[in-house]
Amino acid sequence: MKNGKKILAAALSLVMGLSLCACNNGGSGSDKNELIIGGIGPMTGPTAQYGNGVMNAAQLAVEEINAAGGVNGMTLKFIPQDDENVSEKAENAYNSLKDSGAKLIIGTVTSTPCKAISPLTKNDNMFMLTPSGSAVECVQFDNAFRICFSDPNQGIAAAQYIKNNNVASKIGVIYDSSDVYSSGIYEKFRTEAASLGLEIVSSQAFTSDSNKDFSVQLQQIKSAGADLIFLPIYYQEAALILTQAHNAGLETKFFGCDGLDGVIKQLGNDAAYAEGVMLLTAYTSDSKEEKSAAFTKAYSEKYNDSNPNQFAADAYDAVYTIKVALEKADVKDASISASELCDLLKKAMTEIEVDGVTGHMVWDESGEPTKDPKAMQIVDGAYTALD
Amino acid sequence: MKKTLSASTKSNLITYAMLAVIFAVVQLLSVTGNLSSLVSGLLVPICMYIILAVSLNLTVGILGDLSLGHAGFMCVGAYSSAIFSMLTKDVISADLLRYVLALLVGGAFAAIFGILIGIPVLRLKGDYLAIVTLAFGEIIKVIVNNMYIAKDIHGVHFAMLTSISDMGLDEGSKEVILNGPQGISGTPQTKSFVIAFVLVVITVAVILNLINSRTGRAIMSIRDNRIAAESVGINVTKYKLMAFSVSAFFAGVAGVIYSHNTYALQATTKNFGYDMSILILVLVVLGGIGSIKGSILSSIILISLPEILRDFQKYRMLIYAILLIVMMIVNNNPVTKAFFKKIFGSLKRLLPKKKAAEKSSEVTQ
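Top to bottom, those sequences are chains P and F. For the record, in the first sequence the residue sitting at position 34 is 34 according to this note's numbering, with numbers rising by one throughout. All you need for this note's numbering is the position in the second sequence, starting with 1, plus 387.
If you are wondering where the hints come from, they were derived from the structure by calculation, not from laboratory data. If you're wondering where the values come from, they're calculated on a predicted model, not measured in any experiment. Using N, Cα and C, we set each Cβ at its ideal position, and we do this for glycine too. Wrong hints could be hidden among the right ones.
Far from chain F, by Cβ distances over 12 angstroms, these chain P residues were calculated [unchecked claim]:
(1) 114
(2) 222
(3) 247
(4) 269
(5) 276
Computed list of lysine-lysine pairs in BS3-like fashion (alpha-carbon distance at most 25 angstroms, straight line) [what the hints assert, rightly or not]:
(6) 371/P with 288/P
(7) 265/P with 212/P
(8) 122/P with 476/F
(9) 212/P with 222/P
(10) 288/P with 265/P
(11) 291/P with 328/P
(12) 212/P with 657/F
(13) 122/P with 332/P
(14) 347/P with 328/P
(15) 578/F with 122/P
(16) 291/P with 371/P
(17) 302/P with 701/F
(18) 77/P with 288/P
(19) 374/P with 265/P
(20) 77/P with 701/F
Taking the hints into account, I'd like the entire structure generated from these sequences.
Okay, here's the thing in structure tokens:
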């Protein structure tokens, strides 16, 4: 009996605690005409660098906009929430942001949580702009838009570039079958390559549980006689592959997508292994282009000299896209309801044009951006544009 | 009447009363609109974790075998039921009926796997059993990550180690159900706290009754001394298998709740791998091995804590870890135990006095 009371008391106090949390949230920011933007992404765990890049860059952009006088008299406030790259945590993060009074969402950063919260945001009619959720389903509902390329678009663009520039004819592929991004690109690349007459001599998969040793895959591709290896993967694995390929004496060309941005830094002292690697991307941290360079400089100054990655650039563009859309929709009062705001922004998004650090973008109702990937090649340890 | 209540019945009644109070408080808050979106979104997952912890407690606390593959059974339940719901969403239009069937399908599949795994595995003891169950959980995850299921006008197609586009489906009527590592998206959602709570009550009732039955005593005798149990004629394999498969069944039910609560179902280390198995074990250990009440409370506290700490942003995980350590220490510290005993003891002294006074007044009447 004694034990029972103790437990009851604990349960009651917990429930009371929960209800307290319920009360102290919500409704903040209404006095200052402050529009709250919620951010969702992985800030802890193995994919934390993507989430942190996005959150840092979005915070940077919000501070810049506020310093320049805000949007239509409103100031912006950015609240990041962690989803650990897990669907159920993303739902919690989204609910928590709703409690904090967020009126629109930048997120989520990764594709699977993005798919998971898309029906929730649709249900609430909450405007959602994902900087880097590239899976097709991320923007399946009309309230969702994205900044990055979709996976299929990247796959098609890569195959076309290889064909049109006669980069290679026999292609080997190494991709991450457990990753939506990687397998999404690979699927489209394969069908496009087949229709263009490119031959995929060997395609090798790995999963997030076995992403350290690639010697088997590299040997298979070598014996299949490929003269180019297509890497629709992220830079961490790519750096390992490049190192192991060098050690195995493989002399093929390498071709990647935007996930490869950052590979030079990842290789560190072995950056020479990345020499000659080609990639299609919208942004690189050592770009000489005026806007990109300004962003890179501002980001490194604010966050201890760290270089922004592709994700950060997408998030920076996302905040400025929201600014342009808010101006277009002529939203002046931050106390507008999330649903009304969503209806206004949905319409505005299809009417605006944004010149961001990841290029020139326009959107249609599907939520997909139209922009051109740029082909880059790593020459003397730096990204150089190919034309 | 009161004197005839045994200690275990009393303890069970307290457990049910506790569940009733929790339910009443949550309903009250939700009716009066005091429930934040975060908390209302957490209700169903918390119910799921309670079921997981209570069912694992049957294996770890009552049977006395350390199992690290609980998430594997959950995975079986989640995937089998999600596939079932995806296939029947056009046939069975009543959401509730489909969900109940899905629960049975998920639970049954997990129980079958429990028996299949249990037959070879339960011959092992201690660390060896833990390692094999851990491996089982990982194997399940790898298998579902390589399964492809799709539907077109010709029927349902199933394949392993391939890709959807290699399956030669009819493009016009193609409907992908399970896309390998990318999992299942678009499972019909049933986010009902009431149903989840009813499932918690059923789980707790079944497991408490099992523990207090003849079977339960047989299972506990195996835990306490296997040789002695065998010598009095208890069929060790049978009772071990029974406990293991009941535990697996409820893990499967929890998996069904999980898969029907998330739009994008994917098998990763975080949700169906060893991370999850360890998390469930932590819930059991922190609540007290063998204590059903403890499992329920620790699930509620440990699952809601990191979410409630969201306001602390970057320091969230740090604070969570510190709180975990503090709770572990406080739970086992004689000084704090004595302190709580004193507080609750004084509370208790007030109550029996009243009762005693009532009793004496009854007597005088």
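Okay, the hints, checked on the actual structure:
{"no.": "1", "hint": "114", "verdict": "violated (8 angstroms)"}
{"no.": "2", "hint": "222", "verdict": "holds (22 angstroms)"}
{"no.": "3", "hint": "247", "verdict": "holds (28 angstroms)"}
{"no.": "4", "hint": "269", "verdict": "holds (31 angstroms)"}
{"no.": "5", "hint": "276", "verdict": "holds (30 angstroms)"}
{"no.": "6", "hint": "371/P with 288/P", "verdict": "holds (19 angstroms)"}
{"no.": "7", "hint": "265/P with 212/P", "verdict": "holds (18 angstroms)"}
{"no.": "8", "hint": "122/P with 476/F", "verdict": "holds (21 angstroms)"}
{"no.": "9", "hint": "212/P with 222/P", "verdict": "holds (19 angstroms)"}
{"no.": "10", "hint": "288/P with 265/P", "verdict": "holds (18 angstroms)"}
{"no.": "11", "hint": "291/P with 328/P", "verdict": "holds (22 angstroms)"}
{"no.": "12", "hint": "212/P with 657/F", "verdict": "holds (19 angstroms)"}
{"no.": "13", "hint": "122/P with 332/P", "verdict": "holds (24 angstroms)"}
{"no.": "14", "hint": "347/P with 328/P", "verdict": "holds (9 angstroms)"}
{"no.": "15", "hint": "578/F with 122/P", "verdict": "holds (16 angstroms)"}
{"no.": "16", "hint": "291/P with 371/P", "verdict": "holds (16 angstroms)"}
{"no.": "17", "hint": "302/P with 701/F", "verdict": "holds (18 angstroms)"}
{"no.": "18", "hint": "77/P with 288/P", "verdict": "violated (30 angstroms)"}
{"no.": "19", "hint": "374/P with 265/P", "verdict": "holds (20 angstroms)"}
{"no.": "20", "hint": "77/P with 701/F", "verdict": "holds (17 angstroms)"}
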